[in-house]
Structures are given as structure tokens and as C-alpha cells.
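If you read the protein sequences in the order shown, they are chains A and B.
To convert, take the position in the first sequence, counting from 1, and add 585; that gives the numbering used here.
To convert, take the position in the second sequence, counting from 1, and add 6; that gives the numbering used here.
The set of hints was computed from the structure by calculation and includes no laboratory data.
Note that the structure is predicted; figures quoted are calculated from it, not measured.
For every residue, glycine included, the Cβ atom is placed at its ideal position computed from N, Cα and C.
Do not rely on the hints blindly, as some may be mistaken.
[What the hints assert, rightly or not] Here are the in silico distance ranges between beta carbons for each label pair:
#  : chain 1 : residue 1 : chain 2 : residue 2 : range
1  : A       : Thr-794   : B       : Glu-25    : 27 to 33 Å
2  : A       : Glu-655   : B       : Asn-106   : 27 to 33 Å
3  : B       : Glu-25    : A       : Gly-840   : 45 to 51 Å
4  : A       : Asp-668   : B       : Tyr-111   : 25 to 31 Å
5  : A       : Glu-655   : B       : Arg-87    : 37 to 43 Å
6  : B       : Asp-18    : A       : Ser-766   : 47 to 53 Å
7  : B       : His-67    : A       : Thr-804   : 40 to 46 Å
8  : A       : Arg-760   : B       : Asp-66    : 33 to 39 Å
9  : A       : Glu-708   : B       : Asp-13    : 45 to 51 Å
10 : B       : Thr-16    : A       : Thr-762   : 30 to 36 Å
11 : A       : Lys-778   : B       : His-67    : 48 to 54 Å
12 : B       : Lys-57    : A       : Pro-638   : 19 to 25 Å
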Amino acid sequence: MRNMVIVGSGPAAFTAAIYASRAGLQPLLVASSVEVGGELMNTTEVENFPGFPEGILGPELMTKFQAQAERFGTEVEVEDVVDLDLEGPVKRVRLGAGTVHECATVVFATGSAYRKLGLEEEERLSGHGLSWCATCDGFFFRGKTIAVVGGGDSAMEEATFLTRFAERVYVVHRRDTLRASHIMQQRAFDDPKITFVWNSEVTAVLGETAVTGVTLRDTATGEHSDLTLDGLFVAIGHDPRTHLVHGKVDLTSEGTIAVQGRSSRTSVDGVFAAGDVVDPHYRQAITAAGSGAVAALDAETYLSALASPVLTDEAEPSTVTSEDDVALASTT
Amino acid sequence: MATRASDASTFDHDVLQSEKVVLVDFWAEWCGPCRALGPVLDQLADDLDDKLDVVKINVDHNPGLALRYQITSMPVMKIFRGGEVVHTIIGAKPRPTIENEIAAYLS
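Extracted from the complex, chain A is given alone in its bound form (with noise of 0.2 Å):
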């Protein structure tokens, strides 16, 4: 049996498998095939971690991040985790391709998807005009007219990077301020191919084969309106991606699963959560891989109350664990 099962990839799971594996554990991280290195992705430059003063490209650190794990002796498997039994002392992932693994603690770090807009055209026009990652399909668009919907940092980067090949960038938000950093919000507004659609919602969007534009409802007057363009880019949030615990650990209000205070211990023993899975407000890489290295040291701490004989039950508790862990002890 494995000491630890990482599932994620992104900054919250190596910062994890970091720690886990200088501490000696030989975690296994679980990276899915196709979403290895999470969010980082799908980003350009990354200018707010620190430690990179001239910046760095995303992918380009999610690889430092997987070197350094690596090297201190974490396994990284590219496959899928397709069901956990988070029930018990042993818990079990089992994998797309058959395989289970079984493991005393699992750090849950799987981050958080794309929110999509809802509407009914949205499947059939992805990936025709419809997108949600600007670096990949930005490209396709040059000296085209596009629009980002959303008012976040997210929307920020994609339309400052979508004005590199579209000739003209609308930006359709909500409200009248946004939510994005202050920085990011200048170099939007200094940027001369960009414009603001203020107030407004997208309630369709246009074309049979491909993107023509959107249909608009003014949030203030109710008003109805069309916009003409070429490529729809959607940044308006992300969900936390949790259906892999649905039903197996507690959930907050607002979708993230639950931890207790500043840990990152869940509602099952032996379960541990970081990043953007746990967090539906900051949502950076730093972080995320602050969370993580809490999780690596939860897990840890679990992990040796299970091995030392001083915390079963008729044992007096250490003075120096804290009472969570004599409970979690006492219930193992």
C-alpha cells in the first residue's frame, strides 16, 4: 500500500507531491491525461509568482514544478481517475485503464473547469467560433472581430492576448466595473483595439456552422440586441471540479469541497484537499501551491499519528499533536 495519492496536476498537487516527497513518502501523483499541469496551461506569461522577477510561461512552469517533484522521488502517472473509495484506513483510486491504487491518504487537488455560458448552441458551436482558451485558438483568428465575455482577470488576459491576431476585441461584461485586478484592467483599457460592451449579457449565440455573433440583453433596460463577430471567447468563471467525491466527501455552499479551518482536511479521515478545488475566491498559483504544502503536511502528520503507538485509545494524548489529530487517531 501507497502512503499517498495525489490526483491533480497543477500548482496545488506538485506543491503537494513536492513536500510529501521530501518527506520521504514516495507519493504517486495522478496527473489525467490530458489536463497535466491544470490551469497553467493555458495561460501566457505568468508575471505574479514569485521568484520569476522577468516572468515566466505557464506551461514552462508547471514543468519546473513536475522537474522539482521528481526529483525528490514522486511518481507521476499520466492516466485518469475514473472512481475513489474514500471509505476506511485503505483507500482505493482506480484508474481509466483498469488499474487501482491503493494508499493511506489521498491529497484531492483536481482545480476547477471552465464555467460555461448555458445556453443550447454552446456544444454544437464549440470549437467553431465558440472557445474558452484563447492561446490555443486565438491564432485563428487574425484580423477577425471577436468578443470575451466575463470581467475577471481571466477575460483580462484573453483580451489583451486576442488583440495580438483579431483586429478588434469587444470585452461584453455584466456590470459597469470588473472584477479584474487593477493592472490588468489598464492594460485592457489602454489597448486600442479593445472596447467595452458594458452591462451586458449574452443570451445567444449566433450561427449554424459557425460563430456570427451574439444576441445581447442590456442588464439595465432589458433591451435585446445583435453583435456581429467572428469568434466568441468565454472567461466567466471556473466550477470546482468535484464529481469525482460527489457524495463521498461534504461539499460547501458554493460547490468547493469542505476543509476544516486553515487545514486541508476533509469531512472523510485520511482526506486531504488544496487549490482551486477548496477555494472558489483566490484562485492564483501561489496559492494554490501555498494550499498545497499544507495538504503534503496534513497528510503527513495523519500519517504518523497512524504509525505511532502513543495515540491509540488508551494511550494518553502527546502534548505535542494538536486535539484534531488525537481525534482522527482515536477514530482509525
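Please arrange chain B on chain A, whose structure you already have, making use of the hints.
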């Protein structure tokens, strides 16, 4: 056969005139999900060697082919049989999903 890189000059031979079903992967260096998909397709090419060819088209070097097949999103996989596109898979998908989607064309 392993995955093969093709371009405008070899596309007819590698894809359109192929006796086998061909999965054409339109990709680029700068597309993160495309790079993640690469190893999945390499594996698929090795395992389905007798039935399927996997051909990679770098859209940066082959804008004409990208235009001809109306590529507006990446990664995208086009399945060719007898020189015709019979199916399109959009986005990086796990191997079982890709296998399911192409199964019908391999028989």
C-alpha cells in the same frame, strides 16, 4: 507505426490516399492542451497500428491545410476514411473517449 508528421506536400499520400483510417491531429507548439494530447495519440498509434494511422499537422507550418479543413480550434482531430473526413473530435480528450469516438470507423 508511430505517429507521423506530415505537411502539405505529403498530405495526399499520408492521409487522402491511405488504405487505413487516418486520425489527423492539428496542433501547434504553443498550444498547451495539444502538447498534453501528443503522448496519448502516440500510444494510440502504437496500439492500433494495424487499423489506424496517426498523422500530425503543425498548423503554424501548414496554414493552407488548416484553412482547407476550417480549423478554428485546437487541438482538433479529424478522422479520414477513403480521403473524406468522417468525424471530428474537438479538444484534448482522454484516450477511452477518443477510442470510443473512432471505434465505429475502424471496423
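Checked hints:
1. Thr-794(A) <-> Glu-25(B): 27 to 33 Å: holds (31 Å)
2. Glu-655(A) <-> Asn-106(B): 27 to 33 Å: holds (32 Å)
3. Glu-25(B) <-> Gly-840(A): 45 to 51 Å: holds (50 Å)
4. Asp-668(A) <-> Tyr-111(B): 25 to 31 Å: holds (29 Å)
5. Glu-655(A) <-> Arg-87(B): 37 to 43 Å: holds (41 Å)
6. Asp-18(B) <-> Ser-766(A): 47 to 53 Å: Holds, since Asp-18(B) and Ser-766(A) (Cβ atoms, about 50 Å apart) stay within the stated range.
7. His-67(B) <-> Thr-804(A): 40 to 46 Å: Taking Cβ atoms as reference, His-67(B) and Thr-804(A) lie about 45 Å apart, which means the hint holds.
8. Arg-760(A) <-> Asp-66(B): 33 to 39 Å: Taking Cβ atoms as reference, Arg-760(A) and Asp-66(B) lie about 38 Å apart, which means the hint holds.
9. Glu-708(A) <-> Asp-13(B): 45 to 51 Å: Once the Cβ atoms are compared, 32 Å apart, the range 45 to 51 Å for Asp-13(B) and Glu-708(A) is violated.
10. Thr-16(B) <-> Thr-762(A): 30 to 36 Å: violated (53 Å)
11. Lys-778(A) <-> His-67(B): 48 to 54 Å: violated (27 Å)
12. Lys-57(B) <-> Pro-638(A): 19 to 25 Å: With Cβ atoms ~52 Å apart, the hint is violated.
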